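Undergrad: If you want the building blocks of each chain, they are given just below.
Protein chains: 2
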Amino acid sequence: MIKWTTSTMLRCLSCKEEYGSDNAGTCKDCYEEASETEEELKREIEDLKAKIAFLRFWSPLEHHNFLQLGSPSFTDVVLVASDEHPANPVSFPAHKAVLTCRSPVFKAMLETDMEERLSGIIKISDISNDTLRCFVDYLYTAEACLDEQMARDLLVLAEKYEVKYLKAHCEKFLVSKLNWDNLVTNFGLAQQHNAKILLDASLSMITDNMSKFTKTPEYAHLVEKDPRLVVEIFEAYLSKAVNTAAKKD
Amino acid sequence: MIKWTTSTMLRCLSCKEEYGSDNAGTCKDCYEEASETEEELKREIEDLKAKIAFLRFWSPLEHHNFLQLGSPSFTDVVLVASDEHPANPVSFPAHKAVLTCRSPVFKAMLETDMEERLSGIIKISDISNDTLRCFVDYLYTAEACLDEQMARDLLVLAEKYEVKYLKAHCEKFLVSKLNWDNLVTNFGLAQQHNAKILLDASLSMITDNMSKFTKTPEYAHLVEKDPRLVVEIFEAYLSKAVNTAAKKD
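Going down the list, the protein sequences come from chains A and B.
In this text, residue positions in the first sequence follow the working numbering: the first is 17, and each later residue adds one.
In this text, residue positions in the second sequence follow the working numbering: the first is 17, and each later residue adds one.
Honestly, the hints are just simulated from the structure, not real lab data.
Quantities reported herein were computed from a predicted structural model and do not represent experimental measurements.
Among the clues, some could well be false.
[What the hints assert, rightly or not] With a cut-off of at most 16 Å between alpha-carbon atoms, the simulated EDC-like pairs for lysine to aspartate or glutamate come out as follows:
#1 B/Lys180 with A/Asp63
#2 B/Lys65 with A/Asp163
#3 A/Lys67 with B/Asp92
#4 B/Lys67 with A/Asp129
#5 B/Lys58 with A/Asp197
#6 B/Lys188 with B/Glu159
#7 B/Lys139 with B/Asp92
#8 B/Lys188 with B/Asp216
My request is simple: use the sequences and hints to build the entire structure.
TA: Shown next as structure tokens:
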């Protein structure tokens, strides 16, 4: 049997408080090793951030100011949101080299004799000027100032142009904002655009609260509008219930 | 007084060994917090690496294969090592947009009506084809397969074209390889090209072994060839000696 008295308490090197046997963490060697590892990881993060700063093109604002000021920017293609009101056309100049490097779809478009290569104009349907600006900026900088609607719009665009990294970025953002109000919308979006990260997270949130979910107006609406999706939800719920039961046995 | 017997030893959660009061590291809470921090840092590193993969252009080999195969690569400028033997001219195609983004010197060259802008040819003197290939690759990928000579050549080029990130990369590589044989060469290079990281490291290695250093043939050669540099070394040595003495008082 171990008997502890106050005189046998140890002092934690990190928080400086005393602790006893029940609260034993690490020995000194392991503590020092862990501190070193943490320092190394932080240095690696600084190095990676510096590399990103080097590889990134102009920041969004700089980029657009730069182009507006008429400085030579060596762009050789423009992107246009084709459904925007014709009274308000905005062309977003870009570089073929950047577009082909970021998206296999742009690559196919610009490396073969498709209309876009010959005209130097890429028309993008079903999006606003704001979304297109944000999309182009992301291709250059790997950064976007997202809200939920922008994340959904960019997810659709990223799926269409196969920009996997942006798609994952939007999915992770939407997962971080997932709540009872946007759950069905995000689940439907994820389903429609093969967004696996968002799909798993939203489906898990639904099946964890199945009986609450089936009492919502969104559920009633979904049964009406898209019963197949409801079937998929129930299948996932069943599968989870079976797994849970199997674990208990 | 604390008395320890084997029965009062604690078990380290990390290495699973027992430890006593002298070897106390952290309490359990701090251990768990540190583990979580480490996991978070590792996740951040993964995220940053994915961002780098997205922002990077073609890898060196792909890049050159790509260009050799005659696929459209939308390049609009070539770089040439101007001193290479004329029987062996190699042009390295590149994009003005990438060069201006990576180097203020290329930017000034290509955005004003200098010869290079008009001709679309940038001649680079005093380097080999191999060094130029490595330099261009680095501007696209932020990666280089370095040996000591290549690191020195690229450091000079990075200084000339103000590619700070590459310069720091070469300096860090040379610091990691610093030894008694290459010390004077690297110190001289650092001195000549304002390479502060390499300068500090090599000067520190010299002044730590001053009496050994003054007995080497390199020292004798340096006194002959560049006595000002020797004066700088002695000044640094004196300054260190004064500081050490002040700390002791």
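Undergrad: Decide, hint by hint, whether the structure agrees.
TA: Hint check:
1. B/Lys180 with A/Asp63: holds (13 Å)
2. B/Lys65 with A/Asp163: violated (24 Å)
3. A/Lys67 with B/Asp92: The hint is violated at about 25 Å.
4. B/Lys67 with A/Asp129: violated (31 Å)
5. B/Lys58 with A/Asp197: violated (32 Å)
6. B/Lys188 with B/Glu159: Holds: lysine 188 of chain B and glutamate 159 of chain B sit about 14 Å apart, inside 16 Å.
7. B/Lys139 with B/Asp92: Roughly 15 Å between the alpha carbons, so the hint for lysine 139 of chain B and aspartate 92 of chain B holds.
8. B/Lys188 with B/Asp216: holds (11 Å)
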